[in-house]
Amino acid sequence: MLEREGALAFWLLAPTLALLTLFIAYPFVRGVWLSVTNSVVGVPGDFVGMKNFTKIFDDSIFRTAALNTFIYTAVTTVFKLALGLWLALLLNRSFRGKSWVRAFILLPFIIPTVLSTLAWKWMFDPTFSVFNWLFWKLSIINSRINWLGDPELAMSSVMIVNVWRGVPFYAISLLAGLQTINPDLHEAAAIDGANRFQRFWHVTWPLLLPVTMVVVLFSIIQTFADFQLVYVLTGGGPANATHLFATYAYQIGIGTGLLSEGAAISLAMFPALLLVVVFQLWYIRRVENR
Amino acid sequence: MIEGARWKKWLWFYLPMGLFILGLLFPFYWMLVTTVRPDGEMYRPWNHPLYSPFWTTHPTFDHIKNLLYETLFNRWMWNTMFIAMVATLISLFCGVIAGYALARLRFKWAGFLGTGIFVTYLVPQTLLFIPLADIIREYHIGDTPWALILTYPTFLIPFCTWLMMGYFKAIPKELEECARIDGAARWQAMVYIIFPIAVPGILSAGIFAFTLSWNEFIYALVFLSSPEQKTVPVGVVSELIRGDVFFWGPLMAGALIGSVPVAIVYSFFVEHYVAGMTGSVKG
Amino acid sequence: MAIFTRRKFLQASGAGLAGILASHQAPVFAQQSTVHWIKWNDFVPASDELLRKTILPEAMKQLGMKINLETVNGNDLQPRVTSAIQSGSGPDVFMLFNNHPHLYAASAVDISDVAEAIGSAQGGYYKLCRSNTNDGKKFMSVPWAIIGGMIAYRKSWFEEVGYSKFPATWQEYHEAGKKLKAKGRPIGQTLGHTFGDAPTFSYPYLWSWGGKEVDEKGRVVLDSKATVESVKFMQAFWKDAHDEGGLAWDDTNNNRAFLSGTICATLNGASIYIESLRKPDQYKTEKGAPLKSDILHSPLPKGPAGQFGMHTFQSHMVPSYSKNQKGAKEFLKWIHDPKNFDAWFLSQKGFATPTTQVWEKHKMWDEDPVMAPFKVAGRLGLTPGYAGPANRKAAEVLTKYIITDMYAKAVQGMAPEAAVKWAAEEVNKVYAGT
Chain F
0 MLEREGALAF WLLAPTLALL TLFIAYPFVR GVWLSVTNSV VGVPGDFVGM
50 KNFTKIFDDS IFRTAALNTF IYTAVTTVFK LALGLWLALL LNRSFRGKSW
100 VRAFILLPFI IPTVLSTLAW KWMFDPTFSV FNWLFWKLSI INSRINWLGD
150 PELAMSSVMI VNVWRGVPFY AISLLAGLQT INPDLHEAAA IDGANRFQRF
200 WHVTWPLLLP VTMVVVLFSI IQTFADFQLV YVLTGGGPAN ATHLFATYAY
250 QIGIGTGLLS EGAAISLAMF PALLLVVVFQ LWYIRRVENR
Chain P
0 MIEGARWKKW LWFYLPMGLF ILGLLFPFYW MLVTTVRPDG EMYRPWNHPL
50 YSPFWTTHPT FDHIKNLLYE TLFNRWMWNT MFIAMVATLI SLFCGVIAGY
100 ALARLRFKWA GFLGTGIFVT YLVPQTLLFI PLADIIREYH IGDTPWALIL
150 TYPTFLIPFC TWLMMGYFKA IPKELEECAR IDGAARWQAM VYIIFPIAVP
200 GILSAGIFAF TLSWNEFIYA LVFLSSPEQK TVPVGVVSEL IRGDVFFWGP
250 LMAGALIGSV PVAIVYSFFV EHYVAGMTGS VKG
Chain B
0 MAIFTRRKFL QASGAGLAGI LASHQAPVFA QQSTVHWIKW NDFVPASDEL
50 LRKTILPEAM KQLGMKINLE TVNGNDLQPR VTSAIQSGSG PDVFMLFNNH
100 PHLYAASAVD ISDVAEAIGS AQGGYYKLCR SNTNDGKKFM SVPWAIIGGM
150 IAYRKSWFEE VGYSKFPATW QEYHEAGKKL KAKGRPIGQT LGHTFGDAPT
200 FSYPYLWSWG GKEVDEKGRV VLDSKATVES VKFMQAFWKD AHDEGGLAWD
250 DTNNNRAFLS GTICATLNGA SIYIESLRKP DQYKTEKGAP LKSDILHSPL
300 PKGPAGQFGM HTFQSHMVPS YSKNQKGAKE FLKWIHDPKN FDAWFLSQKG
350 FATPTTQVWE KHKMWDEDPV MAPFKVAGRL GLTPGYAGPA NRKAAEVLTK
400 YIITDMYAKA VQGMAPEAAV KWAAEEVNKV YAGT
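Taken in sequence, the protein lines are chains F, P and B. For the first sequence, numbering that gives the first Met the number 0 gives the first residue as 0, with consecutive numbering after it. For the second sequence, numbering that gives the first Met the number 0 gives the first residue as 0, with consecutive numbering after it. For the third sequence, numbering that gives the first Met the number 0 gives the first residue as 0, with consecutive numbering after it.
Among the clues, some could well be false.
Claimed, not checked - Computed from the model, here is a short list of chain B residues facing chain P with C-beta under 7 Å:
id, residue
1, Ser82
2, Gly87
3, Ser88
4, Gln234
5, Leu295
6, Ser297
7, Glu329
Unchecked claim - Covered, in the sense of this in silico footprint (three residues per stretch, anywhere, with C-beta under 8 Å from a C-beta of chain P), are these stretches of chain F:
id, region
8, 69-80
9, 268-276
Stated by the list, open to error - Below, in silico cross-link-like pairs of lysine-lysine (DSSO-like), each with a Cα-Cα straight-line distance of 27 Å or less:
id, chain 1, residue 1, chain 2, residue 2
10, B, Lys52, B, Lys338
11, P, Lys64, F, Lys97
12, F, Lys136, P, Lys8
13, B, Lys154, F, Lys136
14, B, Lys360, F, Lys136
15, B, Lys338, B, Lys180
16, B, Lys52, P, Lys64
17, P, Lys64, B, Lys182
18, F, Lys136, B, Lys65
19, F, Lys54, B, Lys291
20, B, Lys286, F, Lys50
21, B, Lys360, B, Lys291
If you're looking for bench data, these hints aren't it; they were derived computationally from the structure. We treat Cβ as the ideally placed atom computed from N, Cα and C, and that holds for glycine.
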């Protein structure tokens with residue numbers, strides 16, 4: 000019996016394994032090889048061990064990029080979760096035009112990142128920004144807000160766009176989760192005297208936790224490896240203030256042609272991500288087995 | 000009191016909802032206005048007395064015409080659609096059967112493979128694309144849609160598998176056992192009993208895969224070179240940002256038109272998806 | 000419903016996959032050869048149009064080859080080149096900026112025959128052309144054009160604050176800028192990671208104070224009193240006279256800012272002026288006159304160590320992976336032939352200066368006095384890595400934006416000495432490596 004299951008499993012998994020081996024495992028190994036050589040574009044290079052890694056850890060821009068990536072991921076995830084959950088709770092009610100709203104709010108998530116980010120870039124433009132106009136008209140500011148030119152503000156601007164993009168995804172996924180919760184449970188709790196907040200905390204949230212953790216997990220992975228958003232909005236600037244692992248790896252590897260260093264930077268992302276993911280998986284298992 | 004309740008509803012529901020909708024959709028409104036705004040009006044600084052961002056008095060279709068007739072935008076739309084659909088189908092196929100295998104079958108390597116597939120999701124694209132370029136070249140699929148169709152599943156399959164695993168785990172084992180008792184083979188039970196129940200999950204995985212394919216940039220930028228082969232994100236960014244001048248008009252037109260069809264398809268499926276989810280709970 | 004067995008599926012997919020691979024094996028058939036040319040999206044769109052509609056069809060006729068032109072956004076050009084070289088397939092002729100040919104020297108075809116022929120037939124190359132494209136032993140690429148960078152400024156505004164001629168020194172420029180910023184018309188300059196405007200400002204600015212990355216012997220001498228002076232000056236200069244949004248600008252922001260009348264001067268190619276010529280009704284001064292009548296050009300002001308300029312340089316390389324090297328070389332020879340280059344040059348209206356000296360005598364330069372300063376851009380320009388040799392290391396420093404970042408960090412608040420020290424360390428790291 001077990002044998003037959005094993006055989007069936009093999010066939011079912013074969014296409015997946017073939018594709019992933021060919022297009023991920025094999026290039027990954029080659030990528031690792033790149034990171035321990037001193038290849039530059041067009042020149043295969045020789046083995047140099049960990050030299051690339053020591054070089055990048057010495058690099059102040061790399062350390063900035065690393066810090067940025069962690070902060071970027073952490074802050075945006077918190078906001079996306081909070082706002083997404085709030086929106087999901089709002090959408091869970093019935094109201095007129097609900098299906099239209101549900102469809103339209105997904106737009107930020109659907110539209111290709113590059114294109115929507117360009118729209119934001121236009122909205123943040125130092126000379127033509129519509130936000131500056133708005134705040135100016137409302138007398139909140141007197142002189143222009145330098146959305147993308149001020150290093151601290153630039154990071155916030157990038158995070159705003161990421162949150163804007165991610166909230167619909169969180170909202171819809173959490174909404175689906177909310178809708179699997181039996182309303183009888185809420186009724187029972189209400190009869191027992193629980194107010195709205197208590198019902199949420201003791202009934203909704205625990206039941207939502209599995210879905211939440213999965214959503215958060217995937218969001219973290221994507222955000223950590225984010226490239227397009229920063230690339231389009233700021234290119235990593237001003238003066239490297241918004242560089243993430245991926246954008247810096249790209250600039251070094253492709254921009255400067257130092258392929259091995261670029262590969263090393265990309266690879267440096269991997270352990271941190273692995274740690275975060277392992278922790279979350281462990282947490283999910285714990286929740287599931289409860 | 001009736002008045003009190005209404006006030007509460009406004010504060011706790013309508014106001015936040017309105018703010019969310021405004022915040023999420025304003026950029027699209029902005030895109031729309033920019034698309035029909037003539038150039039002369041567009042390039043006025045924000046503290047210019049005549050700055051009128053929210054509407055335009057001389058709407059023009061020039062930008063849209065420019066986009067559709069003087070660039071290869073239509074071709075890019077077709078390319079992107081084709082690549083996204085085929086990549087999604089491949090990923091769904093692989094993900095569904097792999098998810099089933101990992102969730103329902105018992106065999107020695109299940110845990111290891113499950114984790115392995117998931118780990119591949121973590122590998123960043125910025126690491127892979129140089130070695131992948133070599134592989135693409137070796138198989139002679141450079142500068143064709145197949146370069147993307149075969150590489151996109153690398154980040155689509157893990158997610159589809161994971162999602163489907165969740166769905167399959169939630170389906171009670173009794174259903175399969177009943178079918179098996181009735182004489183069906185294992186795979187028949189899988190295809191005829193389990194898969195139909197998991198359709199909402201399959202749909203949502205498919206939607207997600209489709210969106211991710213549509214969105215992808217790096218691989219498309221690197222593996223495709225001829226203008227006719229490009230996808231919408233790459234084409235718009237490379238052809239409409241001509242050095243000193245961002246052609247914001249056609250750019251926003253492209254952004255808008257590029258997302259409308261996807262949004263329509265999506266909204267149709269979202270209905271189905273959420274209905275399916277609630278249905279599966281009640282049923 | 001069709002019975003769908005595992006076996007049938009595997010057969011079908013296997014056949015399908017084989018079919019895919021088979022159909023994309025390029026069949027070897029005797030056909031006209033093709034040359035795939037990739038260049039940037041020209042800042043003067045009219046030139047690309049001319050290429051596509053007139054010049055290239057003519058070339059195809061005369062040479063009997065198919066020529067595919069691909070244009071890419073300037074910032075995306077280098078990534079395409081890198082991945083093409085790495086994967087060993089792609090364009091046959093690609094355009095490179097500044098001293099990038101040094102980065103790809105190992106993958107370039109020796110193109111000295113084509114380059115030397117053009118040079119000697121046209122009065123010789125400018126010095127900076129050689130440094131960018133020649134590694135001392137051979138030509139790695141064929142010089143194409145120099146995009147002269149000058150300060151475009153509003154004549155009337157400078158006159159209003161007392162400068163009938165453009166400020167001659169940095170101090171004067173600072174004074175003028177301060178007065179103009181007080182009137183809401185600051186100078187606009189990018190200190191971001193752009194391949195055009197930022198380096199063409201930061202490098203000559205550094206040189207004009209006497210600072211340099213390396214000396215003639217190749218030693219890193221960036222950390223010097225002159226450099227620190229230049230950074231100190233820049234901090235005050237930026238705050239008093241510049242539009243501080245410039246830190247986030249790319250190569251297009253200053254164009255738009257200037258054309259909409261928010262800045263009084265900026266270092267740029269001639270594209271601002273050319274754009275104002277293109278649409279005289281759209282771009283007007285606040286008094287209603289066409290903007291083009293109020294724009295003049297000037298080289299960068301003098302510093303204590305002299306007056307310098309650095310111009311964005313373009314050349315074409317034929318990669319060694321190309322399967323049609325012969326065709327590529329033929330094409331390059333053809334397009335540099337004055338008969339054919341002339342039309343392209345005219346369409347540029349002076350935005351690009353050719354790389355050989357004979358073109359200085361072209362009568363186009365006499366047509367518009369506003370464009371006159373661009374004529375001699377080639378003669379006066381220097382290359383990154385000055386005063387050392389222009390080589391791969393200088394190219395690396397350029398692509399890492401170290402010099403530009405030095406100033407960017409300082410205007411954001413870092414102490415001048417610290418900024419210079421940081422930059423010098425980074426440059427040292429580059430020059431210390433192999």
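* Does F/Lys136 pair with B/Lys65 here, judged by a C-alpha cut-off of 27 Å? -> Given that 27 Å is the threshold and the Cα spacing comes to 57 Å, the pair is violated.
* To do: Tell me if B/Gln234 is really an interface residue toward chain P, meaning its C-beta lies closer than 7 Å to one of theirs.
  => Constraint on B/Gln234 not satisfied, violated at 26 Å.
* Asked: If you draw a straight line from the CA of B/Lys52 to the CA of P/Lys64, is it 27 Å or shorter?
  -> holds (20 Å)
* Asked: Taking a Cβ-to-Cβ distance below 8 Å as contact, does the region 268-276 of chain F have at least three residues touching chain P?
  -> holds (count 5)
* Asked: Once the shortest beta carbon distance from B/Gly87 to chain P is found, is it less than 7 Å?
  -> Result: holds, 6 Å to nearest chain P Cβ.
* Asked: Between B/Lys286 and F/Lys50, does the CA-CA distance stay at or below 27 Å?
  -> At roughly 62 Å apart (the allowed maximum being 27 Å), F/Lys50 and B/Lys286 break the hint.
* Taking 27 Å as the top limit, are the C-alpha atoms of P/Lys64 and B/Lys182 close enough? -> violated (41 Å)
* Going straight from one Cα to the other, do F/Lys54 and B/Lys291 come out at no more than 27 Å? -> Not satisfied, since the Cα-Cα distance of roughly 51 Å exceeds 27 Å.
* **Coverage of the region 69-80 of chain F by chain P (three or more Cβ within 8 Å)** => Per the Cβ count (0), the hint is violated.
* For the pair we were handed, B/Lys338 and B/Lys180, check the Cα-Cα distance against 27 Å. => violated (47 Å)
* **Given hint B/Ser88 near chain P, where the shortest CB pair must fall under 7 Å** => At 5 Å from the nearest chain P Cβ, B/Ser88 passes the 7 Å test, so the hint holds.
* Under the criterion of a CB-CB separation shorter than 7 Å, is B/Glu329 in contact with chain P as hinted? -> Given a least distance of 21 Å, the restraint on B/Glu329 is violated.
Hints 4, 5, 6, 7, 8, 11, 12, 13, 14, 15, 17, 18, 19 and 20, counting from the list given before, are not met by this structure.
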